[in-house]
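Trainee: Sequence lines, in order, name chains W and L. All letters in the first sequence, in the order written, are residues 184 to 380 by the numbering used here. All letters in the second sequence, in the order written, are residues 184 to 380 by the numbering used here.
Some hints could be false.
Where chains are identical, the list cannot tell them apart; a pair therefore holds if satisfied intra-copy or between any two copies.
Unchecked claim - Heads up, simulated EDC-like pairs for lysine to aspartate or glutamate below, C-alpha to C-alpha not over 20 angstroms straight-line:
#1 Lys234 to Asp357
#2 Lys306 to Asp215
#3 Lys309 to Glu236
#4 Lys234 to Glu298
#5 Lys309 to Asp350
#6 Lys309 to Glu298
#7 Lys309 to Glu361
#8 Lys288 to Asp316
#9 Lys234 to Glu361
#10 Lys306 to Glu360
#11 Lys309 to Glu244
#12 Lys234 to Asp281
#13 Lys288 to Glu255
#14 Lys309 to Asp240
#15 Lys306 to Asp350
#16 Lys234 to Asp215
#17 Lys234 to Asp350
#18 Lys288 to Glu205
No lab work stands behind these hints: they were computed from the structure.
Protein chains: 2
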Amino acid sequence: MARWEPGARYRLGTAALELFAERGFEQTTVTDIAARAGVTERTFYRHFGDKREVLFDGGGEFQDYLAQAVSERAAAGDPPLAAVATACTLASRDIFADRLEFARKRAAVIAAHPELLERELGKMAKIARALTDRLRAAGVDENRARLAAETGVAAFRVAFARWVAPDNASPLADLLEETLGDLRTITAETARDLSVP
Amino acid sequence: MARWEPGARYRLGTAALELFAERGFEQTTVTDIAARAGVTERTFYRHFGDKREVLFDGGGEFQDYLAQAVSERAAAGDPPLAAVATACTLASRDIFADRLEFARKRAAVIAAHPELLERELGKMAKIARALTDRLRAAGVDENRARLAAETGVAAFRVAFARWVAPDNASPLADLLEETLGDLRTITAETARDLSVP
Numbered sequence: 184m185a186r187w188e189p190g191a192r193y194r195l196g197t198a199a200l201e202l203f204a205e206r207g208f209e210q211t212t213v214t215d216i217a218a219r220a221g222v223t224e225r226t227f228y229r230h231f232g233d234k235r236e237v238l239f240d241g242g243g244e245f246q247d248y249l250a251q252a253v254s255e256r257a258a259a260g261d262p263p264l265a266a267v268a269t270a271c272t273l274a275s276r277d278i279f280a281d282r283l284e285f286a287r288k289r290a291a292v293i294a295a296h297p298e299l300l301e302r303e304l305g306k307m308a309k310i311a312r313a314l315t316d317r318l319r320a321a322g323v324d325e326n327r328a329r330l331a332a333e334t335g336v337a338a339f340r341v342a343f344a345r346w347v348a349p350d351n352a353s354p355l356a357d358l359l360e361e362t363l364g365d366l367r368t369i370t371a372e373t374a375r376d377l378s379v380p
Numbered sequence: 184m185a186r187w188e189p190g191a192r193y194r195l196g197t198a199a200l201e202l203f204a205e206r207g208f209e210q211t212t213v214t215d216i217a218a219r220a221g222v223t224e225r226t227f228y229r230h231f232g233d234k235r236e237v238l239f240d241g242g243g244e245f246q247d248y249l250a251q252a253v254s255e256r257a258a259a260g261d262p263p264l265a266a267v268a269t270a271c272t273l274a275s276r277d278i279f280a281d282r283l284e285f286a287r288k289r290a291a292v293i294a295a296h297p298e299l300l301e302r303e304l305g306k307m308a309k310i311a312r313a314l315t316d317r318l319r320a321a322g323v324d325e326n327r328a329r330l331a332a333e334t335g336v337a338a339f340r341v342a343f344a345r346w347v348a349p350d351n352a353s354p355l356a357d358l359l360e361e362t363l364g365d366l367r368t369i370t371a372e373t374a375r376d377l378s379v380p
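The shape of chain W in the complex, shown without the other chains (with noise of 0.2 angstroms):
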């Protein structure tokens, strides 16, 4: 489709964020979003289902993009969550380093819409089980895979947090590589004594 009109997909991703962060998002139409990317409504019908979607656009993209780096991770030997950390890693590097700003307006919209948040963290629940399943294909035990897999994207969610947090200037791999240091230090504390009273 995007065959007929270069970049009006983009374009319409970043005016439907410009309009959500300038007027909400109940109060955004479709029929804004189109004007303000310079296409016609059905333009919009052809790329996207409904404003929602809009914001979820990428996911696929993003998903795909974990699952191959993890199985080549874990395929040259990486630890389950070393393969994890390092295909988010990657992710940040070639996904978002250039997103900043849509990113910070998208997690801005959504924090404030609970039915957003919800959608958001079933994204990355399903983002995690397809992990899983990549790391349970190159060998890993099936409760560790999915327990890195988790882990790993809670970790994730963290960095990713701290990166589109307005006052941060940090890119998104410096963080990410500070969460999981920041992971081993307090998972580590956890050996020196739970003691349930």
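Go by the hints and put chain L onto chain W.
Mentor: Quick look at chain L alone, frame taken from chain W:
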């Protein structure tokens, strides 16, 4: 409300889960649930807004329990992830120990309905935010507080999924301990090499 009808809320919850398992979530009506529980529909609506709500009853109690326990453990000097892990272990004993059959049926219904799964994920995310706040109030650095809460909750979800699996016979507290041990192992492994190609 429950004063007039002792046990009605509990009976409604049990009846609903039985019917969801027997007939499916969509095919079960509030009329069916009330009849199975031996109460009127009016009584159902005194306790729940709709049949979905039955599945998420007790979520607030669980969150309050964990938040309180995390505050106590953090005040007693537990490191952040240990505080979350101990709180989850206490909850598995005090809240879940005798609820396996209910939890098993509930998990099956939720897994089969993406919109229920998203709501469940939203509930767990809300719990993670509450635990983050408690850890921060106990003096834990914001980033580590959030990471401990998010990864602790992720580890709990992994252990919980193993607990409700049809073939499982281990208590939740044991699975939680094993999962935390796995988390230490897979996290320590990442120190070896994290080489981004």
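Trainee: Work down the list of hints and note, for each, if the structure agrees.
Mentor: Hint by hint, here is what the structure shows:
Taking the shortest alpha-carbon separations for lysine 234 and aspartate 357, neither the intra-copy value of 32 angstroms nor the inter-copy value of 46 angstroms comes in at or below 20 angstroms. Proximity of lysine 306 to aspartate 215 under the C-alpha cut-off of 20 angstroms is found in neither arrangement, the shortest distances being 27 angstroms within a copy and 33 angstroms between copies. In this homomeric assembly, lysine 309 and glutamate 236 come within 20 angstroms of each other (Cα to Cα) only inside a single copy, at 16 angstroms, whereas the closest approach across copies is 24 angstroms. In this assembly of identical chains, lysine 234 and glutamate 298 lie within 20 angstroms of each other by CA distance both inside one copy and across copies; the values are 14 angstroms within and 19 angstroms between.
Proximity of lysine 309 to aspartate 350 under the C-alpha cut-off of 20 angstroms is found in neither arrangement, the shortest distances being 30 angstroms within a copy and 24 angstroms between copies. In the homo-oligomer, the alpha carbons of lysine 309 and glutamate 298 lie at most 20 angstroms apart both inside one protomer (17 angstroms) and across protomers (13 angstroms), since each shortest distance falls under that limit. Taking the shortest alpha-carbon separations for lysine 309 and glutamate 361, neither the intra-copy value of 25 angstroms nor the inter-copy value of 24 angstroms comes in at or below 20 angstroms. Taking the shortest alpha-carbon separations for lysine 288 and aspartate 316, neither the intra-copy value of 32 angstroms nor the inter-copy value of 24 angstroms comes in at or below 20 angstroms.
Taking the shortest alpha-carbon separations for lysine 234 and glutamate 361, neither the intra-copy value of 35 angstroms nor the inter-copy value of 44 angstroms comes in at or below 20 angstroms. Proximity of lysine 306 and glutamate 360 under a CA criterion of 20 angstroms is satisfied in neither setting, with 23 angstroms inside one chain copy and 28 angstroms between copies. Taking the shortest alpha-carbon separations for lysine 309 and glutamate 244, only the intra-copy value of 13 angstroms comes in at or below 20 angstroms, while the best inter-copy value is 27 angstroms. Taking the closest pair of Cα atoms, lysine 234 and aspartate 281 never come within 20 angstroms of each other, the shortest separation being 23 angstroms inside a single copy and 45 angstroms across copies.
Neither within a single protomer nor between protomers do lysine 288 and glutamate 255 lie at most 20 angstroms apart by alpha-carbon distance, with minima of 32 angstroms and 37 angstroms respectively. For the homomeric pair lysine 309 and aspartate 240, the shortest alpha-carbon distance inside one copy (15 angstroms) is at most 20 angstroms, but the shortest distance between copies (25 angstroms) is not. Within a single copy, lysine 306 and aspartate 350 get their C-alpha atoms no closer than 26 angstroms, and across copies no closer than 28 angstroms, so neither meets the 20 angstroms cut-off. In the homo-oligomer, the alpha carbons of lysine 234 and aspartate 215 lie at most 20 angstroms apart inside one protomer (10 angstroms), although the nearest pairing across protomers, at 38 angstroms, exceeds that limit.
When the C-alpha separation of lysine 234 and aspartate 350 is checked against a cutoff of 20 angstroms, the pair qualifies neither within a copy, at 28 angstroms, nor between copies, at 43 angstroms. Taking the shortest Cα distances, lysine 288 and glutamate 205 sit within 20 angstroms of each other inside one copy (10 angstroms), while across copies they are farther apart (45 angstroms).
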